[in-house]
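*Asks:* The chain contents come next:
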Amino acid sequence: MNRRFSWFNATALTLGFAFLYLPMVILVIFSFNESKLVTVWAGFSTKWYGELFRNQAFLDAAWVTLKVAVMSSTLATILGTMAAYAMVRGGRFPGRTLFSGMIYAPLVMPEVITGLSLLLLFISIGLDRGVMTITLAHTTFTMCYVSVVVSSRLVTFDRSLEEAALDLGCTPFQAFRLVTLPIIAPAVISGWLLAFTLSLDDLVIASFTAGPSSTTLPMKIFSSVRLGVSPEINALSTILIGLVTAAVITASLISKRSIAMREADQQAAARA
Amino acid sequence: MAQPANRPVFAPWNDPDEKPLIRFGNVTKRFGDFIAIDNLTLDIYRREFFALLGPSGCGKTTLMRMLAGFESPSEGTILLDGQDIVPVPPNRRPVNMMFQSYALFPHLNVWDNIAFGLRRDGLPKEQIAERVEKMLKLTRLEKFARRKPHQISGGQRQRVALARSLAKAPKLLLLDEPLGALDKKLRQETQFELMDIQERTGTTFVIVTHDQEEAMTVASRVAVMDHGRIVQVDTPDRIYESPNSVYVADFIGEVNIIRGRATPQAGGRVSIAWAEGQPEILAEAADPPSPGAEVHFAIRPEKVLISKGRPTDRANVIQGRVHDIAYLGNISTYKVEVAGGLMVKAQMTNARRIANRDITWDDTVWLSFTDTAGIVLPG
Amino acid sequence: MNWRRVLLIATPYLWLFFFFLVPFAIVFKIALSDYALSIPPYTPQLDLSQGWQGLVEFFGALDFENFAFLAQDPLYYTAYLSSLKIATISTAITLLVGYPIAYGMARAPEEWRPTLMMLVILPFWTSFLIRVYSWIGILSTEGFLNQTLMWLGLIDEPLAIMNTNKAVYIGIVYTYLPFMILPIYSALEKLDTSLIEAAEDLGCSRLSAFWLVTFPLSRPGVIAGCFLVFIPAIGEFVIPSILGGNETLMIGKTLYEEFFANRDWPVASAVAVVLLAILIVPIILFQRNEQKQREADQ
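In order, the protein sequence lines correspond to chains B, U and E.
If you read the first sequence in UniProt numbering, its first letter stands for residue 1, the second for the next number, and so on.
If you read the second sequence in UniProt numbering, its first letter stands for residue 1, the second for the next number, and so on.
If you read the third sequence in UniProt numbering, its first letter stands for residue 1, the second for the next number, and so on.
It should be emphasised that the hints constitute simulated quantities derived from the structure, not laboratory data.
Keep in mind it's a predicted model, so treat the numbers as computed, not measured.
Check the hints yourself; a few may be wrong.
Claimed, not checked - Here are the computed lysine-lysine pairs in the BS3-like style, where the Cα-Cα straight-line distance is at most 30 Å:
id	chain 1	residue 1	chain 2	residue 2
1	U	K148	E	K292
2	U	K137	U	K184
3	U	K184	E	K190
4	U	K184	U	K303
5	U	K125	U	K185
6	U	K185	U	K308
7	U	K184	U	K335
8	E	K292	U	K143
9	E	K190	B	K256
10	U	K148	E	K85
11	E	K292	E	K85
12	E	K85	E	K166
13	U	K125	U	K148
14	E	K166	B	K36
15	U	K143	U	K125
16	U	K185	U	K148
17	U	K125	U	K184
18	U	K143	U	K171
Stated by the list, open to error - Away from chain U, derived, C-beta distances all over 12 Å, residues of chain E:
id	residue
19	A10
20	A25
21	P74
22	W151
23	A199
24	L217
25	G245
Here a beta-carbon is modelled for each residue, glycine too, at the ideal position from N, C-alpha and C.
Only chain B is shown next, with the shape it has when bound in the complex (with noise of 0.2 Å):
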């Protein structure tokens, strides 16, 4: 069919994607590993598994990772939807310049420079450090990701489409709770789930904002995996990694199936 696709193309693409994926699949195999060492394969086992799920410590980190990931995750969509709708279509207002920095710059700034920033706020206005501190610090950075995402959708989006609503009868806030939002909804679920896993993942930040207390998973598996490799974070990176494929899997065929589904409705609206 495609007469450019050559020898050298699919060299590209097998190397260039066994490269991306050779590591994982190499640590998810050695998770079942029976040796403590974790390069030498001794016998199949799902005993680290079992030490993970017995490990207080781990599961503890997980339970505050999943906490602050939930509640920043859902403050950043709502925030990040409302700074997007303010950015595209909220016209002119003082100091639009700065905010659509504010917006753009943290996606950009090192995250030892945020979380330090963060910290030394903490500290001046006297905040205790804790779940509360990282989730205000991982809603802070993730808002900007979500209004990114946000946005993009926002500005393809047919303005007509409101202005009918309004001609309608609908009020502003109608009109946006009614037809735009429903619309735009699948970019606010991204948004969200983008939000959770750069949460989910954060270990810079949370560092520096946790407190004594609130120890997360990353912080966790950072300072076992300073100690060297270990086959229990193997399995605990196995455990992620299943998560998150079968979660991106998930989205892929349900967004493929309502394409699908439209495309028959369409020809079925065609014939009739």
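Put chains U and E on the given structure of chain B with help from the hints.
*Replies:* Frame of chain B, contents of chains U and E only:
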């Protein structure tokens, strides 16, 4: 079409000694199960302006891309100047193409776009400059040489694409829907410009188009294509006046098709019974059909006369009722319902102002035409 | 201006102002303060109960001492330079690895492309930390790479990659590769294939058509990809701490250690301010490139 008497008519296809520039020999092209070109044989001569005309998917673009070298035939040969060009890659062919999208390089200015192909040949700098200037002059683009493609208008872009493909003085220039992106008025102007440039450079042009008017205007010969086959190759006037099939008659211009059964008459004429209780249509047939054969009688609307009174001097007269009138300014088309609910279109030049014309909706009128006005096509 | 619109704009605005801008002001202020053995470990502290006098004393005590210290101590500027060097080299390698992949994706049959896209994005959703961690088992002395190479007989002694800058390069290339692939892919995918056909029609070979048409037209994607790798790589902390060794000096790591190990907040803040100053140039260039792209698309 009307040539002065002292100038020889350009018709190399009628000259048995003339060697074709392009010869497609039994070319077939398949994409999987789909047959894009079906055992096609065709000659194109030097200095021709040859049009490939047909609806989308008829294979005209595939045929052109085989000439450019972007597709190779599944079977058959393509000869250019007697040499098989099938194994020659596109960059080694003395053939250039003007793309439908123009494919102007957006990162290069007009000058560099035109010079692009010349530079690939490694010509000396002065020679390239000279050639580019010549092309700029030919296409009246001197003022825009330093502009980027997005800084000029659609019509100018079209001329840059033409200049770029002509710069290498190809033996054959391919034009893929070259005027498709222009609006109607500009398109008409550009058609004449294309013809002029073709004549001045003496290059052989092959144009692909789905616009029959465009093909008729520019081409020396037109090939009408359908489903990977050539239905008819002929000069524009013959394609219009003597189509060889209902398909061609219907594709080119407007036509009334009346179905009936033929009875041969004396003097190479046939009479066609087309409706119960109506006089049979009398027509000349170059190739008389067998008695009782089903035929299609095709007649162009402008060859049908419409009048309130019954004309007496015409071989065929049919009564009907005006169903609809389309006023187009210079002409009007009358849709007249005749026996059996058949609609026949008649066209009249609006020589008089509208107020002075006496035919209107629901009038009973007479349609008339001579026995040579239409043609008889096999059923 | 109705109150809903004010609320809509003011809520995210004030949030970012308070949690993003104000913290920077604090960092900047502390960078001008002095280290002290107290809680918090710096001086002066702003004491508003002292009124005007307190304010004057406060500003009087601020100085650029920490910045002078950074300039004098070779540790810091070597760390800055080394960060720049590591980021530059890894960006170049990422480009060399990522471009062919993006090109292969853009040339792949159309029905494959969504799947290929998903395969590139999937690692991005997987934990960064885990992806970095996965290389320890591969690169260490008795890791898979050395085992395989020795088994193949290509080397006699294990290569020392782990805990060196080489491991850091590999880590950065690996984790940031999707950021390089995606913008290049989207530039290449937009490319009209008739442009390449036109180039070939005008006498280009495949290779020269690539250099004269495809590559120049994918340049905005290349530039965007390079910035997306270079900018975060400079401030990278996780990769040098996990894969790098003692020789690996990166400013993100230095800042972290200054803060947590030495507890010298003013110096850590000064390091942050300088890091930001270094990043501003590439960030502005990146924004310009994006802006230009947006305008070109319209």
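*Asks:* Below or equal to 30 Å on CA atoms is what counts here, so check K85 (chain E) against K166 (chain E).
*Replies:* Status holds; Cα separation ~12 Å.
*Asks:* Going straight from one Cα to the other, do K292 (chain E) and K85 (chain E) come out at no more than 30 Å?
*Replies:* holds (28 Å)
*Asks:* Verify that the Cβ of G245 (chain E) lies farther than 12 Å from every Cβ atom of chain U, and report whether the claim holds or is violated.
*Replies:* holds (44 Å)
*Asks:* With the threshold set at 30 Å, check whether the alpha-carbon distance from K184 (chain U) to K190 (chain E) stays at or below it.
*Replies:* holds (29 Å)
*Asks:* Taking the minimum C-beta separation from A199 (chain E) to chain U, is that value above 12 Å?
*Replies:* For A199 (chain E), whose nearest Cβ neighbour in chain U is about 7 Å away, the distance does not exceed 12 Å, so it is violated.
*Asks:* Given the hint that K184 (chain U) pairs with K335 (chain U), does the C-alpha gap stay at or below 30 Å?
*Replies:* holds (26 Å)
*Asks:* K185 (chain U) and K308 (chain U): Cα distance at most 30 Å?
*Replies:* violated (37 Å)
*Asks:* Going straight from one Cα to the other, do K185 (chain U) and K148 (chain U) come out at no more than 30 Å?
*Replies:* holds (25 Å)
*Asks:* Given the hint that K125 (chain U) pairs with K184 (chain U), test it: the Cα-Cα distance must not exceed 30 Å.
*Replies:* violated (39 Å)
*Asks:* Just to be careful, I want the Cα atoms of K184 (chain U) and K303 (chain U) compared with a cutoff of 30 Å; is the pair within it?
*Replies:* Holds, at about 26 Å.
*Asks:* Given the hinted pair K143 (chain U) and K171 (chain U), is their Cα-Cα distance within 30 Å?
*Replies:* holds (28 Å)
*Asks:* Going straight from one Cα to the other, do K166 (chain E) and K36 (chain B) come out at no more than 30 Å?
*Replies:* holds (27 Å)
Comparing the model with each earlier hint shows violations of hints 5, 6, 10, 17, 23 and 24; every other hint is respected.
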